[in-house]
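Dock chain to chain to rebuild the complex, using the hints, since each chain is given by itself in its own frame.
So the sequences go chain by chain: A and B.
Read in order, the letters of the first sequence are residues 1 to 112 in my numbering.
Read in order, the letters of the second sequence are residues 1 to 116 in my numbering.
Source of the hints: derived by calculation from the structure; they are not laboratory data.
Fair warning: this is a prediction, and the values are worked out from it, not measured in the lab.
It is possible that some hints are incorrect.
Derived, one-sided and incomplete: chain A residues facing chain B with beta-carbon distance under 7 Å [to be verified]:
#, residue
1, Pro39
2, Gly42
3, Arg97
4, Phe103
5, Gly104
The calculated BS3-like cross-link candidates involving lysine-lysine, where the alpha carbons are at most 27 Å apart (straight line), are [claimed, not checked]:
#, chain 1, residue 1, chain 2, residue 2
6, A, Lys13, A, Lys57
7, B, Lys70, B, Lys26
8, B, Lys69, B, Lys26
9, B, Lys26, A, Lys57
10, A, Lys57, B, Lys70
11, B, Lys26, B, Lys56
To give a feel for the contact side, a few chain A residues facing chain B, derived at Cβ under 7 Å [unchecked claim]:
#, residue
12, Leu43
13, Ser51
14, Phe64
15, Glu82
Backbone N, C-alpha and C define an ideal beta-carbon position, used for all residues, glycine too.
Single-letter residue listing:
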Amino acid sequence: KAGVTQTPRYLIKTRGQQVTLSCSPISGHRSVSWYQQTPGQGLQFLFEYFSETQRNKGNFPGRFSGRQFSNSRSEMNVSTLELGDSALYLCASSYDRGYGYTFGSGTRLTVV
Amino acid sequence: SQQGEEDPQALSIQEGENATMNCSYKTSINNLQWYRQNSGRGLVHLILIRSNEREKHSGRLRVTLDTSKKSSSLLITASRAADTASYFCATDAGGAGGTSYGKLTFGQGTILTVHP
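So here's chain B without its partners, still in its complex pose (with noise of 0.2 Å):
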């Protein structure tokens, strides 16, 4: 099942433009990630981000990350067409030692297109 859902399914820009993608979970978590995956190949981690953590950064990156309202963000500034990916954000529920900690549940993606 799916944890993760994120909004929207597909983002258009052009280049220059920021990108934000949402993503919403339902159980409490240890941490959450965003990946990259270009063409149906592997995913690239982007940022990981801890329970206790309110903001990450990570060059044009931001995460945030709201606990209370179970849900985190991920904005990219000033795109680039080599940004065209599908993005997906995934959760490591659980405590430490708790039979869900290092299972990922990775959302649908979003699937974001920068136009040069």
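The shape of chain A in the complex, shown without the other chains (with noise of 0.2 Å):
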């Protein structure tokens, strides 16, 4: 079956700009969960949404939002960039809390 798509591959923005990224989960998967990868923090939490509700919400300040539509694709949005927004964004889906988790493969997100 198909993985997790995560569009786009690569983003260039500059400061102040505002990004919306997608990711589409696995057929029958509900729960999509947001990471941020970056060299200095590593792997943080960003949010976790199942069947359309914010289920959990990492340390990050409300200009990163989300949601989930009804057939379970999910996107991001980072509005009002800043250079520190760099990183590796990734998207993991699962059928339910307490199973693992398959990973997109990220978009790369580079703020200039």
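As structure tokens, then:
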């Protein structure tokens, strides 16, 4: 079956702009999580959605937001981009909590 | 904040040797998971071990969990060059329905290099 699909793969944005990243989970997976990976901070949890509801949120500013649609596809948005937002953003899907997650290949965001 | 700390940070071995990576964590967990990442790409799920389990196997992988010591280890037997990657442990803390449940906290990872 198809894996987790993230689009776009690469993005270059200017400080102050906003960006939307997309994630299509594995068919049948209703839990979608987002992570930020940077060399300095490693992998950090952003948020988790299940059946269109945010169930969990990490310690990120309100500029980071997300949503999940009825088909379980998810988007995350970062507004007023800062240089420090440059990172690999990873989406992961799972049947539910307590199961292993399947990760997408990520979106590499560069803020200049 | 990082819950898991991995040791060693880097490991270099020859093909055919075994590789052991350790992970320590701070709070009680529901389960602990190991992932592999190649060259900054997406993570690949290797094994999930629940808090009431002590050992799990999957092919050449063996994971142990000691909840009294809050530690886990990943053993890769008969390593291959293709095993070269970064390996992360991730803890899923809290009981079912708890606010932390489903939120994975990752360690900084172990970089494994297997030389042909």
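These are the hints, each one checked on the structure:
| no. | hint | result |
| --- | --- | --- |
| 1 | Pro39 | violated (10 Å) |
| 2 | Gly42 | holds (5 Å) |
| 3 | Arg97 | holds (4 Å) |
| 4 | Phe103 | holds (4 Å) |
| 5 | Gly104 | holds (5 Å) |
| 6 | A:Lys13 to A:Lys57 | holds (25 Å) |
| 7 | B:Lys70 to B:Lys26 | holds (7 Å) |
| 8 | B:Lys69 to B:Lys26 | holds (9 Å) |
| 9 | B:Lys26 to A:Lys57 | holds (20 Å) |
| 10 | A:Lys57 to B:Lys70 | holds (25 Å) |
| 11 | B:Lys26 to B:Lys56 | holds (21 Å) |
| 12 | Leu43 | holds (4 Å) |
| 13 | Ser51 | violated (13 Å) |
| 14 | Phe64 | violated (15 Å) |
| 15 | Glu82 | violated (21 Å) |
Comparing the model with each earlier hint shows violations of hints 1, 13, 14 and 15; every other hint is respected.
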